[in-house]
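Undergrad: As given, the protein sequences belong to chains A, B and C, one line each in that order.
When the letters of the first sequence are read in order and numbered with the numbering used here, they come out as residues 1 to 227.
When the letters of the second sequence are read in order and numbered with the numbering used here, they come out as residues 1 to 397.
When the letters of the third sequence are read in order and numbered with the numbering used here, they come out as residues 1 to 377.
Please keep in mind that the hints were generated in silico from the structure rather than gathered at the bench.
Check each hint, because a few of them may be wrong.
[To be verified] Chain A is nowhere near these chain C residues, computed Cβ spacing over 12 Å in every case: (1) V10; (2) L15; (3) W36; (4) G58; (5) A61; (6) S167; (7) I320; (8) D330; (9) F354.
[As the list claims (entries may be wrong)] Coverage of chain C stretches by chain A, computed from C-beta distances (three or more under 8 Å per stretch; other residues unrestricted): (10) 108–115; (11) 130–143.
Yeah, the Cβ is synthetic: ideal placement off N, Cα and C, and Gly gets one too.
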Amino acid sequence: MATPVVIFFSYLLVAGLLVGVSSLILLAIARFRPYRRFLATLAVLGFVAFVWGMCALTQPGYRLLVCYFWLFTAAVVGGGVGCVTMRNVFHAALMLILSLLGVAGYFILVNAEFLAMVQVIIYIGGIMVLFLFGIMVSQNIIGTQLKQNTPQSPWAAICAGVLFMVMFFTGLFMTLKPTLTVTPDVLGNNTGSVGWSLMATYALPFEVASVLLLMAMLGAIILVRKD
Amino acid sequence: MTRISDRRLELRHDPLLTEKVVYSVGPQHPSLPAPVRLVVQADGELIERVTPEIGYLHRGVEQLCARRSYAQCAALLSRCEWLAGANADYLVSAAVEQLAGIEVSVRAQWLRMLVLELSRILSHLFWWGQLGLEAGQITAVFWALREREPGLDLLELLSGHRWHHGWIVPGGVRREPPAEFYGGLARFSGRLREALEHFEEFFSDNAIWVNRSELIGTLNSDYAQAHGASGPVLRASGVDHDLRRDAPYLQYDRVSFSVPVGEYGDVLDRYQVRMEEMRQSLSIIAQCVEAIAHLAPTTGGAGGPARSAGEDGGHGGSPHQGIEVPAGEAYIAVEGPRGELGLSVVSEGGPGPARLHLRSPSLYHLHLLDELCRGYLLADLFVILGSLDIMIGEVDR
Amino acid sequence: MPQDILLILVRGVILVVVCLTAFAYLTYLERRVLSWFQWRVGPNRVGPWGLFQPIADGVKAILKQELIPRRADKVLYLIAPIISFSAAFTMFSLIPVGERVFLTDLPIAVLVFLGLSSLAAYGVILAGWSSQNRYSFMGALRSIAQVISYELGLGLALMVPVMIVGSLKITDIGNIYRAETWHPAYLFVLLPAGVLFLVSAMAETARIPFDLPECESELVTGFHTEYSSLKYAMFPMGEYMGMSAMCAIAVHFFLGGYLLPAIGGVDLTNWVGLIVGNPDAVWGPQEGYWTVVSLSALGLSTTLTFVAKTLFLILIFMWIRATEPRFRYDQLMQFGWKVLLPAGLVLVFLAALFVVLMPDLGGGAQSTMEVSMYVPR
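With the rest of the complex left out, here is chain A (with noise of 0.2 Å):
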């Protein structure tokens, strides 16, 4: 069915995704500095590009779902990839905070609203909070900012990316042999779902784990005492 409607889309989209990941690949250089601003724009566009051919070659119901699909994956994989380039420590928990909205927006598409508000309401709200602050008190309170410099990166791009290869095959196998049967019970009131797995059926696990959370706590409480 590939009507010329469809071609120009699916050249949009294969445009736009070059366009947009080469800009991404040469702002990650540092030689290319210099045109953070003009890379930056192209990125944005080419991004726009793809999301619009995206959603124009899905069915109509489905187009505001595929368009926030992609916003939070671009929150995700550039809060990401900003989290590990950017210079300025706070600019990159600020990223890394931008990486986690975009997985609760995940999980809102997937109907765990219930997850999603934890993720924003521990992570955002209490974790990463905590990092700020960390970072705050850590640096010069005015004046130059904590820099990261981590001459690892090289090790830790490989380490990722297997990682990642590890993750896409799985997922790709996942995808391909559905196994996961999706009740409507699931898809209606998850919240109590999640409070009767958690309290009743799987109780023993979530215990222990709090119990190992709470060792912890308390073994960092022991760490930093001074007497």
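Chains B and C: place on chain A using the hints.
TA: What follows is chains B and C alone, placed relative to chain A:
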């Protein structure tokens, strides 16, 4: 209510190098009454050192006074001690009287006392409101000013000016208080007596305030004495010293009043000492009024001020520009609202002083800040500052 | 889909207009109320009784010169007021204001509310960090610590009614106060939880006596010291909206929501509902017009009740602001962690006991009002 120990925190000397923060409080800051700069070195919020930098309000008043007549000196000095300007008037007049050997009538002395005590109350009221602002109690200042207003009206009735009166002049007071003055004074006192009870509800009965003031900014008596603290600050540290009782001037030896003394020298003690002082001042005022009622006004105004030909000439300047004061030196001290306010005058004869120096309690108290704030938190700095009742106009002259 | 988007837009516009007006007149109200406490008159010059004062203030705020510190982190500096402003406004969109009068009625509204209130902290953090000013920075640090500590008390207080009702939906929780589901025993846990919530909310929205992030006498104005013009005005907007949203949530959770009071065993809401909300029962079957009228009457009366209750709580906040001095920072943290948190835990424990021991009481109010009038498909 017993207070067990100091709540001063230990300064940390970390093996880990932590950076000190330097806050520059002022010269423009919402909680400073007038420009002064406090350089606060802190470990996070824990204060390690406070260095006051003064001079932002320096007007060269002492130097100016050396070229002016005594009346003009009084006007200038009352701009240094603007919350209780009558003190400056009294200091200059008393110095002139001592140098020139002028006797002041008993009635005028009672009148002077009355006004001095009234200005103490007004000054303390202002302090109370300011303390409220420092502590985040935003209503207090309006209540304080509301009670203060009739007092200022009384002074205006007396002298024509609300802050800088020039009513106490060498030889006596400028003129007899108008008849309605005493009625107004009685109303003011009665109202204030009631208001003070309400004021206590704001602070003394408030758990948050007691928590913020109890054992905060403690000053021990030795340190206070060694560093020239005086007035309520000294008394709050447990030193029972009041010039009005220990070196009586005017008719203070003929009135009965108690001198409130604190125990721990903390913010709460300084607060309570000042609150009690207001009540004592009210009682002194009542005694003054009674004494004045029994003394007939002498002829030639209240107490016959030493006026000379200069007054009638009327070309500019003040009515007693022509006072010829013999050469000599004098030191006059009063128990001002903020502490011992002293004036040292060197006269080489002529209508004005050759050199004049004001001993201002606020200058000494400002430099107590370092000792008072060390080991407390940044938030305490402002409450401590408020409890010292520092007047920058007095610090920078 | 276009209708949906249009509906969303219309709702957004309604929300912003209503909230901005409410904000403007809340500042007016606060200034007048504070003046009454302080023996002064307050704004009374612009328009009748000074009623146009908020408009004049707004014009002034917009026309002021805009100053951005040279060393500020510009992007974050610009984003910060937007975050605190929009988080507070979004909070408001969660709250039903009357019987069948709401923008959204999410099944997880409580969680969204908590999430937004923690997101609002980012406005403060970014503002304090990006201004490159020690006072701002200190304000931001204090704010972080305060928000983290008091969010616990806030969340635990909200959990008490949530546990009793067994739903995270705000209307469900409000329905517990209906005469048919109410039980006086609820008061044992709901009353202390309400107090806990109000105290935590006061701290969360940084009002006196918990206004440490911006306490004027110490930190100039704290985290927004370096802001000017409209960007400055957006912080108070966020603060007031946050305060009102907290009060509105408190009304829903602890003061019977938009329901009219039940006097002498007669539930006024039902009564109004019976007369005008259900005219069929009184005047026989009616069609079209009457249904609309009765529904609007019910909606209007409940909305007014809700607004009155919320205003009552806001006035309490103002009263406290006029009469209390400020906590010290470490005392505030101690109060949060050593008093409010244990109290909250005890209350949650009690509520759990409650639910277990009296299962026939708990959850009785669930989903009685499944009205999809404004819910998008």
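Undergrad: Would you mind marking each hint as holding or not holding in the structure?
TA: The hints, checked one at a time:
1. V10: 18 Å, holds
2. L15: 20 Å, holds
3. W36: Non-interface label stands for C/W36: nearest chain A Cβ at 37 Å, farther than 12 Å.
4. G58: 31 Å, holds
5. A61: 28 Å, holds
6. S167: C/S167 is in fact no farther than 12 Å from some Cβ atom of chain A, at 9 Å.
7. I320: At roughly 26 Å from the nearest Cβ of chain A, C/I320 sits farther out than 12 Å, so the non-interface label holds.
8. D330: 16 Å, holds
9. F354: C/F354 is indeed farther than 12 Å from all Cβ atoms of chain A, at 17 Å.
10. 108–115: holds (count 5)
11. 130–143: Result for this restraint: holds, n = 6.
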